[in-house]
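*Asks:* Residue numbers (the numbering used here), protein chains in the order written: chain G, 1 to 507; chain H, 1 to 507.
Hints are computed from structural coordinates only; laboratory data are not their basis.
A portion of the hints provided could be inaccurate.
Copies of the same chain are indistinguishable here, so a pair counts whether it falls within one copy or spans any two.
Computed list of lysine to any residue pairs in SDA-like fashion (alpha-carbon distance at most 25 Å, straight line) [said to hold, decoys possible]: (1) 237 x 382; (2) 383 x 269; (3) 383 x 470; (4) 394 x 322; (5) 383 x 438; (6) 383 x 398; (7) 383 x 409; (8) 383 x 203; (9) 237 x 207; (10) 237 x 383; (11) 237 x 475.
Keep in mind that this is a model prediction, so the values were computed, not measured.
2 protein chains.
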Amino acid sequence: MAGEILTLGRSELARLLRAIVREGDPWQAAGTAGLPFPRVVEGVQQLLRHGLLAFDGQRLHLTDRGQALARELGVQVAPEIRCAACGGTGVDLGFFAEVTRRYAELAQGRPEPLAAYDQGYQTIDSVMRRVALMVAQGDVEGKDIIVLGDDDLASLALALTGLPRSVVVIEIDRRLCDFIEQAARRAGLNITVYCRSLTERLPTELLGRFDTFLTDPTETEHGLLLFLEKGFMCLRKGEGHAGYFGITRIESNIGKWHVWQRELLSRHAITFTHILPDFSLYANWEDPDEQPIPDLPPFARPARTPWYRSTFFRVETLPEFQPPEDYVIEGGRELYEDEDAIDQVWRSPDVDMAITASVMTPAPTPFPTQLTLGRHIIAEFWKCRNREPLRGLKQVLEHAVRRAGATLLNMKIHRFVPDGFSALVLLAESHISLHAWPEYAYVAVDVFTCGEADPEVIVEVLKDYLQPEESAQITLERGLGPLMVLPALRVETETPSLRSSALPMGV
Amino acid sequence: MAGEILTLGRSELARLLRAIVREGDPWQAAGTAGLPFPRVVEGVQQLLRHGLLAFDGQRLHLTDRGQALARELGVQVAPEIRCAACGGTGVDLGFFAEVTRRYAELAQGRPEPLAAYDQGYQTIDSVMRRVALMVAQGDVEGKDIIVLGDDDLASLALALTGLPRSVVVIEIDRRLCDFIEQAARRAGLNITVYCRSLTERLPTELLGRFDTFLTDPTETEHGLLLFLEKGFMCLRKGEGHAGYFGITRIESNIGKWHVWQRELLSRHAITFTHILPDFSLYANWEDPDEQPIPDLPPFARPARTPWYRSTFFRVETLPEFQPPEDYVIEGGRELYEDEDAIDQVWRSPDVDMAITASVMTPAPTPFPTQLTLGRHIIAEFWKCRNREPLRGLKQVLEHAVRRAGATLLNMKIHRFVPDGFSALVLLAESHISLHAWPEYAYVAVDVFTCGEADPEVIVEVLKDYLQPEESAQITLERGLGPLMVLPALRVETETPSLRSSALPMGV
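Next up, chain G with everything else stripped away, as it sits in the complex:
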C-alpha cells in the first residue's frame, strides 16, 4: 500500500509513523522522527490527503487505514523510553544546579535568534547538560576552550563553572558578541570574544592552542566540513583533545552523516567517542516571523513545547593528531542551505514544490577550494572473462585514449611468463597502467589524467574489453588540496553478458 500512493520510502515512512504514534503532537513527531523536516511535511501532507492520518486540531491520529499501514510497517508499538528524570539524556544536573540557576539568570534578555545567521538557541537545561558532559569527560577543568558560533551562550555556562583556564568565542552577530561581553563583565567571567565570521581566516593566535572546541555547524554537506575544520584548526596537536558539535537529522539525511563521518575520519587522527541522539533541545523561536509555519494545518500554529533536537557528537584526538591549516571559506548561502534545510519548507509558497528528494550524494565538493590538478581512478577488475587480453590490448588502449580526448606519448606493454602482463601508457595528460595476473583473472588498472581528458571513459573502455564480472574503483583528486578519496569504495557485480558496443572495429 505504502508504495502505491506515497513518495516516502518504506523505512522513512516507518520512522514517521512511529513518531506520530508515539508523540501525537505534530511538532514533537517532527522533532523525533529522525527525518529531514521537508520529508516529514511531505509525508504528513500525503498521509492526510490519502486518509491515513487525521488531525483533530491538536494531535495527529492514524485512521483505520492508517492502522493497517502501521501494522504492515511494524510500527504499532512505539513506546516512550526517554527517562523522565533526565529527558532521556542520561545526564543529571544536580552537581550543576547553582551554575544552571546563574546561567539562566545571565541569559535573560538575550538577543532573539536571526534566521540569516542560522540561529536558534538551546534550552537552558540542554546547554547545561552539554557543559556537564564536557566537564565529566575532563574537557573543561584547566582547559582552553573555544566556542565557534555561540547563539546558545554556551561560553557563559562554561565560564560559570569556574573550571576552564580560558574561554574564547568567535561569533559573527554583533548583538550576541556585545551581550556575551556585557554578561561576562557583569558576572566577572573571563571570556574573550572575537566578533567575526568563521568564513574568514582565524586570528593566528587562536590556531593550535585549544584543548576543546564546541560548535553547531551549518548542515550542508560542504558547509559542515568546512566549519568543523575550523574547530580542528584551533586544537593543539597530539592526543586527548576534544571536539563537540551538534548535528540534526531534522536538517540532514543520514547520507550526509555518512559522508561527514567518513571524511572526518579520513582527514584527522580522531575517533568518535559519543553520538548522543536528541541530546539537545532548542527553545522555540519567539518571533512569529522566524517560526516555520507551512501551509499545512498540523504545522500551521507554532509549537507549544520545544521540539527541535540535535544529536551531540564528541570526537577525541589520537596521538598522531595535527591541526589542519587555516583557509578562507568561499561561498554564500549555499554553505547554509540545501534541500534538507528547514528553511526550504517555510520560505516557499508551495510546500509540495519545495521538497526535493533527499538522496545521498557521497562525493563531497572539493575542499577547501578547487585545487585539483588531476583525477586518478584506481580500479580493480576481478573475474575477467577476456582470457586472452594481450591480443588486442594495444588497439584498445589507443582507442581508449582517443575516446577520452587524451594524447598518447608512449606505450610499453611487457609480457611476463607464463601469461601475466604490465602496460604503461604515458599520456600528455599523465598515465594509464595495467598489471594483469591472468592466473587470478585479475587486472589492476590506474588511469590518471589532468585537464579535460576524462579518465572514466578510459576505465569504461578497458572494462568493456576485459569483461570483469566484478569490479571496484575509487577516484582520487590529486593536486594541491588534501588527498581525497571519492566516492566511497564501490564494488560492482555484473550479470555475465557480452558488452562490446564500445569496442573499436577489429578488436
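Add chain H to chain G, keeping to what the hints say.
*Replies:* This is chain H only, laid out in the frame that chain G set:
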C-alpha cells in the same frame, strides 16, 4: 611531575585520576576511566609506588602529592553526572517492566561464562535497555533479527517482547545453545539457534535476510572487523536496516576505535547513529577462577558491584547498502587477544611485564585473508624544495629501484614545456610514476609493487630527492580482496632541512 616518574601519557593519567577521584572504588574507577584495563593497572601500580595514591583496603585516595598532580592535570572536579533513575543511559524501562521480570526469571540457571569463548554477560537491566532502545528505533517490531554470539541471552529478551518476526542466534557454546533452546521452549518463544562458530561460513539461508543484527565482537583490531562483517552479511540490502554492537574502552584503545570506524565507513554504505558510552554494564563473573585478580591490592579482591562497561553502537544502512560476501575466518587466539585484552593482566605472573604500550596501529591486517597481490602507495609531495628535479632524476629512480630490491625493465621520462615532467618506470614488480607541476612545486607519486619489493623505500628515496615540505600518502592493497585504503590519509609537515643521506653519490 607526571612525565618524570610515570609511564602513562598526560591525557591517560588525567582520565585515570579523574575516575579515581570520582569513584574511589578501584574497580569502578577501572570501569569508567575509558582506558584499556592493562593501562589502569599500570597506572594505579605506579601511582601507589610513588606515593601519589593510597589504598585503604576499600578505596583509593589521592595523597597530598597526588592532589598536587590532580591540580596540575585539571582533575580536581570529577562530578557524578549519571542520572540515577536510568543509570546514565537515558532509557526508562517502565514500558518493559513485565518483559524484564520474565526475562530475569527465564535467565535463571544460565551457564557460567567461559573465558575461552570471551564470555561475560550483561546485567538484566542492561540487556533490557538495549532491547528498549532497539524497539524504540523501530528495529524490532515485525523485523527479522539475528544475534551473533549470545552469552547475554539477548535473544530471549528480544523474543519476550513479542514484537520480532523472527529471532535467530548463532552461538558456539553448546551449553548456551541448549539453554536458549530450552528456555525458548518453556516460554513458547520462536527462536532458532545455530550452534556453530562465527569463524565458519554462515549457513547460506542466513545471508542477506535480516533487518537487524546484534553482536558483541571480540576487540582485537582484526577480529572486530571480521566478526562485524558477519553481521553485515546477514542484513538485507538497501536502507533502514540496523546493526548494534558493544565495544569497550576497557579492552581497546581509541586508536583501534578510529581504525574500526574508518574501515566500516569505507567498506559499507552505513552511518553511525548512536555511540552511547557505558550503556551496558556486565555482571561480575561468579566463578573466582574467571575473576581478574592481579597481584595488586586494589584489584586483589573481586569487585563487589558490576564494573565492566561497554559502549553501545548503532549503525544504520543507507539506500546503497549491499551485504558483503561470506568467508571463513582463519586464525586462532590472536583474533581474541591483543595487548589491550584484559586477559593480559591476569594471565601473566608479573603485572609489570604483561603491560605493553597501547599504541595506535592504524593499518588493519589484510582482510579477510591474505589476498593482496600488490601494494600501491599514492603520495602527494607539496612545496618541493628541489627546483631542478629533472637533472638527477634518472639516477635517483635507478637507485630507488635497487634499494627496494626491485627490477627495472623500462624507464620513460618526458619533459613538458616549460618545465613539467612525467616519469614512468616499468618494474618486474609493477611500476613507478611521477607527474610534476613545478609551477606549483607539486609532484604526484605512485609506487606499485608486488612480491618482496618494498614500495615505501622508493617513496622515501624520492622524498629525500624532491624534498617536499609537506606530503601526504595512502597505501592501497591491490589484489583479490576488497579495495582498502591503509593507513589514514596522512599529511606530514617537515621543518625545512636538507635530508640527503639516502642519496646516491653524484646526485
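*Asks:* As a check of your reading, is residue 237 near residue 383 (CA-CA no more than 25 Å) within one copy, between copies, both or neither?
*Replies:* Intra 45 Å, inter 22 Å, cutoff 25 Å: inter-copy only.
*Asks:* Is it within a copy, between copies, both, or neither that the alpha carbon of residue 383 lies no farther than 25 Å from that of residue 269?
*Replies:* Between copies, since 23 Å is at most 25 Å while 36 Å is not.
*Asks:* Regarding residue 383 and residue 470, is the shortest C-alpha distance of 25 Å or less found within a copy, between copies, in both, or in neither?
*Replies:* For residue 383 and residue 470, the Cα distance is within 25 Å only inside one copy (6 Å; across copies 39 Å).
*Asks:* Up to 25 Å between alpha-carbons, please classify residue 383 paired with residue 398: within, between, both or neither.
*Replies:* Within one copy only: 24 Å inside a chain, 35 Å across chains, cut-off 25 Å.
*Asks:* For the identical chains here, do residue 237 and residue 475 meet the 25 Å Cα criterion within one copy, between copies, both, or neither?
*Replies:* between (29 Å within a copy, 24 Å between copies)
*Asks:* Treating 25 Å as the Cα threshold, decide for residue 237 and residue 207: within, between, both or neither.
*Replies:* Cα proximity of residue 237 and residue 207: one copy only (10 Å, versus 44 Å across).
*Asks:* Could you figure out if residue 383 and residue 203 sit no more than 25 Å apart (CA to CA) within one copy, between two copies, both or neither?
*Replies:* Close across copies (24 Å), not inside one copy (55 Å); limit 25 Å.
*Asks:* Since the copies are identical, ignore which copy is meant and state whether residue 383 and residue 438 lie within 25 Å (CA to CA) inside a copy, between copies, both or neither.
*Replies:* Within one copy only: 9 Å inside a chain, 40 Å across chains, cut-off 25 Å.
*Asks:* Can you give me the call for residue 383 and residue 409, within, between, both or neither, at a CA distance of at most 25 Å?
*Replies:* For residue 383 and residue 409, neither the intra-copy (31 Å) nor the inter-copy (28 Å) Cα distance is at most 25 Å.
*Asks:* One pair to classify: residue 394 and residue 322, alpha carbons no more than 25 Å apart. Within, between, both, or neither?
*Replies:* Answer is neither: 46 Å inside a copy and 35 Å across each miss the 25 Å cutoff.
*Asks:* Given identical chains, is residue 237 near residue 382, meaning Cα to Cα at most 25 Å, within a copy, between copies, both, or neither?
*Replies:* between (41 Å within a copy, 21 Å between copies)
Taken one by one, the earlier hints fail for this structure at numbers 4, 7, listed in ascending order.
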